[in-house]
Amino acid sequence: MPDMGGSATITAEELLASRELFEGILAIAADAVVSVDQAQRIILFNQGAERIFQFTAAEVLGQPLEILLPTFARAGHGRQVERFGQSPVPARQMGERSVIRGRRKDGEEFPAEASISRIVVGGRTVFTAILRDVTQERAAEEAINSLNTDLRRRATQLENANRELEAFSYSVSHDLRAPLRSISGFSQVLTEDYSDRLDEEGRDYLKRIGDASQRMAQLIDDLLDLSRLSRGEVRRAPVDLSALATAVIADLVAAHPDRRVAVSIAPGLKAEADPHLVRTVLVNLLGNAWKYTSRKDHAHVTFGATADEEGQPAFFVRDDGAGFDMAYADKLFGAFQRLHGMKDFPGTGVGLATVQRIVHKHGGRVWAEGVVDRGATFYFTLQ
Amino acid sequence: MGMKPILLVEDNPDDELLTLRALKKNHIQNDVVVARDGPEALSWLFGDESLGREAIAPSIVLLDLKLPKIDGIEVLRRIRTDPRTRLVPVVILTSSREEQDLINGYQLGANSYIRKPVDFPEFIQAVRQLGLYWLILNEAPPG
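Respectively, the protein sequence lines represent chains A and B. Residues 7 to 389 (my numbering) are what the first sequence spells out, left to right. Residues 78 to 220 (my numbering) are what the second sequence spells out, left to right.
No lab work stands behind these hints, which were simulated from the structure alone. Among these hints, one or two may not hold up.
What the hints assert, rightly or not - Calculated Cβ distances over 12 Å to all of chain B for the following chain A residues:
id, residue
1, Ala33
2, Asp43
3, Phe61
4, Gly68
5, Gln92
6, Gly129
7, Asn166
8, Arg187
9, Ile189
10, Glu198
11, Arg242
12, Ala249
13, Ala261
14, Ala268
15, Gly293
16, Tyr385
What the hints assert, rightly or not - Interface residues of chain A toward chain B, partial, derived using beta-carbon atoms under 8 Å:
id, residue
17, Asn151
18, Ser179
19, Arg183
20, Gly191
21, Gln194
22, Val195
23, Ser219
24, Ala223
25, Ser300
Note that the Cβ used here is the ideal one computed from N, Cα and C, for glycine as well.
Generate coordinates for the entire structure from the input sequences, incorporating the hints supplied.
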């Protein structure tokens, strides 16, 4: 035998080693490796193929490739392989554009990604397909797609609900106020033009009608403010809470110069929050502290900060006024919930609901502690 | 300055009565022409041959927003785009703060707006300021 050069000379031992290596790789491959001859009869079927197709190699060797294909794909597939056999391209991916489907022994079909190659060995053409069962991937994709579709649908529903809410608010603010104007306006007309024909009691009734329509107008406005709040966005910026509290207190002092309240504001309290919304929080909490201490000759109101259980800064407004029974603590923040009679402390019951909504929009918490006639403390976080 | 009429565009009869009363209480003596929907307001502003109606050239238009057929925003738009009425002072009577937002959003060139308050004396006060400013202090454009 002439020397053909070291690289081309393969001993029987080397050939065996090479074959063992090849078979070892085939055996551990997770993918199915299936080879067919020119007549498209199966000549190689690895363990991956056994796992995926559920045939044993012995069952399929020598069988036509068709038994691994879904019925509908059989004729077409044969033609494709033939065409590929004639093309100059030695290897290509299959199924990039459409899902390739395989068929297991029990007839179950499954989606697969496959690549196919053509090798000419000793004058014989061998087609080899390496194929991966992508049932789970497809299922996961479908699940994600379905979740996305669901999400889009919900987003649309939410947008619609928001638009409806806006239309509703507009309608409430417009249509509910019109009859109120009539009630208030004409009771005023009666007071002005017909007072002399009414006795004291009659005039008192008229006044009650007027006052009640005022109150209802205030309720409508408060409610609309609350609903606007839900719609608006939180625009965070650095806020000097101490300065803000000082300004709010200054307004309260100016509005009630006769009150004697010792106010203590901790210096240097800062937060990243929506300045306008946080002002509303302080107006409500400090305003409440102011209001619920109105029966005391020497009241105390404090604005400060402490840490919550997670070490986050928790701001608080404390007063030594009317307080509340902790048994009703969960009712404090509901809209129109009031723990005090109108006569004792007037209000619409929207203030704390507003506070809660603002704090929640900031991702924070609000809670309160109180003792009847000893005062209350309202805490809030803004993170 | 002659006593050109006030055009009040208002579909709610109660509000109409209360507004007329507020004008009277403020000793505003201009005639008041009341239009109860959009087309009627336009017929007073621009005349309408089919009704044998001539344009009235009002000293001021008090315009409600929510009107039958053609709404206040559209009436205002037509007032501002027609050379005959472009300079007429228009004061919008709003029912709500939401409506104020709406007007701010439209920027259609209303001269002012007043919110119809539930508190009637407050309304009279608002109309008083309105009357003082637009009917007395502010000389209406020649028309």
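How the hints compare with the structure:
1. Ala33: Holds, since 73 Å exceeds 12 Å.
2. Asp43: Consistent with the label, Asp43 (chain A) stays out of reach of chain B, its closest Cβ about 76 Å off (over 12 Å).
3. Phe61: For Phe61 (chain A), whose nearest Cβ neighbour in chain B is about 71 Å away, the distance exceeds 12 Å, so it holds.
4. Gly68: 79 Å, holds
5. Gln92: 69 Å, holds
6. Gly129: 82 Å, holds
7. Asn166: 19 Å, holds
8. Arg187: 5 Å, violated
9. Ile189: 8 Å, violated
10. Glu198: 9 Å, violated
11. Arg242: 23 Å, holds
12. Ala249: Holds, since 28 Å exceeds 12 Å.
13. Ala261: Ala261 (chain A) clear of chain B: closest Cβ-Cβ about 19 Å, beyond 12 Å.
14. Ala268: Non-interface label on Ala268 (chain A) holds, nearest chain B Cβ at 35 Å vs cutoff 12 Å.
15. Gly293: 20 Å, holds
16. Tyr385: 31 Å, holds
17. Asn151: With a closest approach of 39 Å, the Asn151 (chain A) hint is violated.
18. Ser179: Status holds, d = 4 Å.
19. Arg183: 5 Å, holds
20. Gly191: 4 Å, holds
21. Gln194: Check passed: Cβ of Gln194 (chain A) comes within 4 Å of chain B, closer than 8 Å.
22. Val195: 7 Å, holds
23. Ser219: It holds, given that the least Cβ distance between Ser219 (chain A) and chain B is near 6 Å, below 8 Å.
24. Ala223: 4 Å, holds
25. Ser300: 24 Å, violated
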